[in-house]
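Model the full assembly from the supplied sequences, consistent with the hints where possible.
Protein chains in written order, with the working numbering: chain R, 89 to 532; chain U, 89 to 532.
Certain hints may be false.
One copy or two, it doesn't matter: identical chains are merged, so the pair holds either way.
[As the list claims (entries may be wrong)] Here are the simulated EDC-like cross-link-like pairs (lysine to aspartate or glutamate), alpha carbons at most 16 Å apart as the crow flies: (1) Lys-158 to Glu-452; (2) Lys-385 to Glu-491; (3) Lys-185 to Glu-452; (4) Lys-465 to Asp-493; (5) Lys-270 to Asp-359.
Rather than coming from a laboratory, the hints here were simulated on the basis of the structure. Note that the structure is a prediction, hence the values are computed from the model and not measured.
Number of protein chains: 2
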Amino acid sequence: MKVPFKVVSGSITAPKGFRAAGVFCDIKRLGTGKGSQKGKKRDIALIISAVPATVAGMFTTNQVCAAPVKVCVERVKGGIAQAIVVNSGNANACTGKQGMKDALEMTSVVADQFHLSKQYVLVGSTGRIGVTMPMENVKSGIKDAAWRVNSTTENANQVAEAIMTSDTKPKQIAVEVQLGGKTVTIGGICKGAGMIQPGMSATGARPAAVPQGLHATMLSFITTDAAIQASVLQVALEEATAQSFNRITVDGDMSTNDTVLVLANALAENDAITSVKSKDFAAFQTALNYVCLELAKMIVRDGEGVSRFVTVRVNGAKTFADADSAARAVANSALVKTSWNGGDPNWGRIIDAIGYSAATVVEEKVDIGYSAPGSKKIILSLKRGQPTKSTFKALCAAVAPKEFDLHINLNVGKAGALMYAADLTEEYVEFNKGDVTDPGSLGG
Amino acid sequence: MKVPFKVVSGSITAPKGFRAAGVFCDIKRLGTGKGSQKGKKRDIALIISAVPATVAGMFTTNQVCAAPVKVCVERVKGGIAQAIVVNSGNANACTGKQGMKDALEMTSVVADQFHLSKQYVLVGSTGRIGVTMPMENVKSGIKDAAWRVNSTTENANQVAEAIMTSDTKPKQIAVEVQLGGKTVTIGGICKGAGMIQPGMSATGARPAAVPQGLHATMLSFITTDAAIQASVLQVALEEATAQSFNRITVDGDMSTNDTVLVLANALAENDAITSVKSKDFAAFQTALNYVCLELAKMIVRDGEGVSRFVTVRVNGAKTFADADSAARAVANSALVKTSWNGGDPNWGRIIDAIGYSAATVVEEKVDIGYSAPGSKKIILSLKRGQPTKSTFKALCAAVAPKEFDLHINLNVGKAGALMYAADLTEEYVEFNKGDVTDPGSLGG
Chain R
89 MKVPFKVVSG SITAPKGFRA AGVFCDIKRL GTGKGSQKGK KRDIALIISA VPATVAGMFT
149 TNQVCAAPVK VCVERVKGGI AQAIVVNSGN ANACTGKQGM KDALEMTSVV ADQFHLSKQY
209 VLVGSTGRIG VTMPMENVKS GIKDAAWRVN STTENANQVA EAIMTSDTKP KQIAVEVQLG
269 GKTVTIGGIC KGAGMIQPGM SATGARPAAV PQGLHATMLS FITTDAAIQA SVLQVALEEA
329 TAQSFNRITV DGDMSTNDTV LVLANALAEN DAITSVKSKD FAAFQTALNY VCLELAKMIV
389 RDGEGVSRFV TVRVNGAKTF ADADSAARAV ANSALVKTSW NGGDPNWGRI IDAIGYSAAT
449 VVEEKVDIGY SAPGSKKIIL SLKRGQPTKS TFKALCAAVA PKEFDLHINL NVGKAGALMY
509 AADLTEEYVE FNKGDVTDPG SLGG
Chain U
89 MKVPFKVVSG SITAPKGFRA AGVFCDIKRL GTGKGSQKGK KRDIALIISA VPATVAGMFT
149 TNQVCAAPVK VCVERVKGGI AQAIVVNSGN ANACTGKQGM KDALEMTSVV ADQFHLSKQY
209 VLVGSTGRIG VTMPMENVKS GIKDAAWRVN STTENANQVA EAIMTSDTKP KQIAVEVQLG
269 GKTVTIGGIC KGAGMIQPGM SATGARPAAV PQGLHATMLS FITTDAAIQA SVLQVALEEA
329 TAQSFNRITV DGDMSTNDTV LVLANALAEN DAITSVKSKD FAAFQTALNY VCLELAKMIV
389 RDGEGVSRFV TVRVNGAKTF ADADSAARAV ANSALVKTSW NGGDPNWGRI IDAIGYSAAT
449 VVEEKVDIGY SAPGSKKIIL SLKRGQPTKS TFKALCAAVA PKEFDLHINL NVGKAGALMY
509 AADLTEEYVE FNKGDVTDPG SLGG
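Written out as structure tokens, the structure is:
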């Protein structure tokens, strides 16, 4: 079978016609009065397409959502955008009317620099909540970045760095997919390490199907030179998000700022994708799914203090909602997550979490086991509610690797769901308790 | 106004006609093959009334519930009991048919020792899940305890110690209340430190009104010499639990074993309370509420690794369910709890958690503030969604004490709810990740 896409180097500047830059304008220091910033970490970023692009977006369903999210929700409805400005160090959340004014001004400054309609400029922010944006710095930072935009890989790196907060490394990917004889490229970056359990929807409103009660700030910006209608692109992004960003959790806290944006500028000159039923749509969807999933997994692997990456696979549930609830209960249980940290195959804590989830659970039917990532060779610790003959040593060996899969079969139905989850470590607590003598160290 | 009750010394042996004992029978060591038990911590306990008593109970709503819980749910329906046997070190949960056989045998051994109907004997367990009970030790332990039962305060202490797992101290209280000229005494003990967010109901079934998705094992045993009908006692216990044990969280994990039992043996010779409308019922309820609330708070204060005790008070919600959801979201947020640990008045994380709760929230209406425990002198950090002029230093001072109240007003309705919550510390993680080279160190 032909591989539908291939991974290539670079990220958001890999598709034709995209330029980017990330610069330092000292947002964090000014935002909190003192700051702990070592050196000059880039904190403002610009992404711009040479021509107007179709756009799609997914946004936090948190009822308390940041000003930049509100701006994007409205502008994405228009279906066209050309630039994205992003800052780290300040979430511009819970900043009231001033926050909205500041978010709009950020887009206006970009529009002025490039002679665009400000309606075509989107904005994202991540950082501490409740602090007004240091706009003088932000404005000069945007102007600086506007001077520097370029299509080099180095410039894409700058942007991936500029959107980082507690991330330890930039997160980037690009793929190429053939659509009707044309090479289409999709590039993406993301950030996120704590306050991570996104539950995004297209409008920020809560659809019944989006599980609630999750994540931390994650931002992802994806560019492509595909020609694809905005409404079709939105369908593709919703599907891609549902199986990637909305399936991850680091600490179970859903942020006020979670945002995914895709710009598609048509410069690959493929026949425009105008229907979800076309063959090209399927290929594009497959590639976009891969981009989003790889980015989402990078967030969990780089989660604050994370030492283990666990894929929680629930099957045999009565409904998807049941499978989802069981998977999230396990993925967010403090006791399960600390046992993962300790390399302890503690299935008792796992079945306890399943039992208090909203899923229908019959103790005597539950199977619990472990495997290497993606492997079907499962070592069971519990079979139909009874401990198996697997030795403690063998189970410890199964959960010792940095990455493993946890398999849960409720055996009461046919629905399944999975979550990409992380352990809970002393380092997470140490990092997030911060240092009140140094307010700059205090996160989102 | 006359104080309706007074605190007295002692606990479960303070009411007339109750004897108790706690002994060591090495349950933990045998249960896990190696064990880390230092010294000989008491691990089996007996409580017995001189005469049959009316009984009431509240039980975990976890769908995966331990054998002793199943036994109690059935026997409490009969309305009469005379003895309770409890072990620590092994939860007897997820132990299948053997576990049920063992739980029943524990009650039979007690019945034999005291020539009781085994239907009058209740049983509780707490400890590691999924390990079969070491019944030879348990049986000899019960017989040993049966020899030693006595009504001294020292014997009550033994029981409070014997039910401990990760608790650092025994938890006990007793009060006296005057009912129709007779002095009625209520004594209680409890245990619990991790896997704590109970959501108990009278039958273990999930009523819509019991919030789900919570706790860790907590056990509480309450004795009284009051004369009170079993059905009326059940009403009183449900009310008392709703405002105490069901309002606490340490780590958000609901246990398979949560149990509260009350025995009332009528030896105080008060006129039997046969209606919830009587004046004596109101006085009894007030005293029982106090006993349960003080015991519940002891659990949170002694929670695993806990350094701060926070009362989360949500008001102005549209419904109680909304207030409850917002309070639990805040009380269980990893980011909020780590900020409490750091002494950081991080209202951004608090409003983030409120925003992703199931409560209806309008950002522009939310007030957030702090006070000393029970004080109405609130320092606001957020007023109608806007940061106040309170300085960072003043807010830090408000959250520096070991105990404080967090006040949240959603200002969209009239309903309220509170939660007694704890911070999340490195010590919690260190304790719960355990040491797989020493399985005896691995908790529930």
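Verification of the hints:
Taking the shortest alpha-carbon separations for Lys-158 and Glu-452, only the inter-copy value of 14 Å comes in at or below 16 Å, while the best intra-copy value is 48 Å. In this homomeric assembly, Lys-385 and Glu-491 come within 16 Å of each other (Cα to Cα) only inside a single copy, at 11 Å, whereas the closest approach across copies is 39 Å. For the identical chains of this complex, Lys-185 and Glu-452 are inter-copy neighbours only, at 10 Å across copies versus 55 Å inside a copy, given an alpha-carbon limit of 16 Å. Taking identical chains as interchangeable, the C-alpha atoms of Lys-465 and Asp-493 lie at most 16 Å apart only when both belong to the same chain, with a minimum of 10 Å there against 51 Å between chains.
In this assembly of identical chains, the alpha carbons of Lys-270 and Asp-359 lie at most 16 Å apart only when taken from the same copy (9 Å versus 91 Å across copies).
The structure meets every hint from the earlier list without exception.
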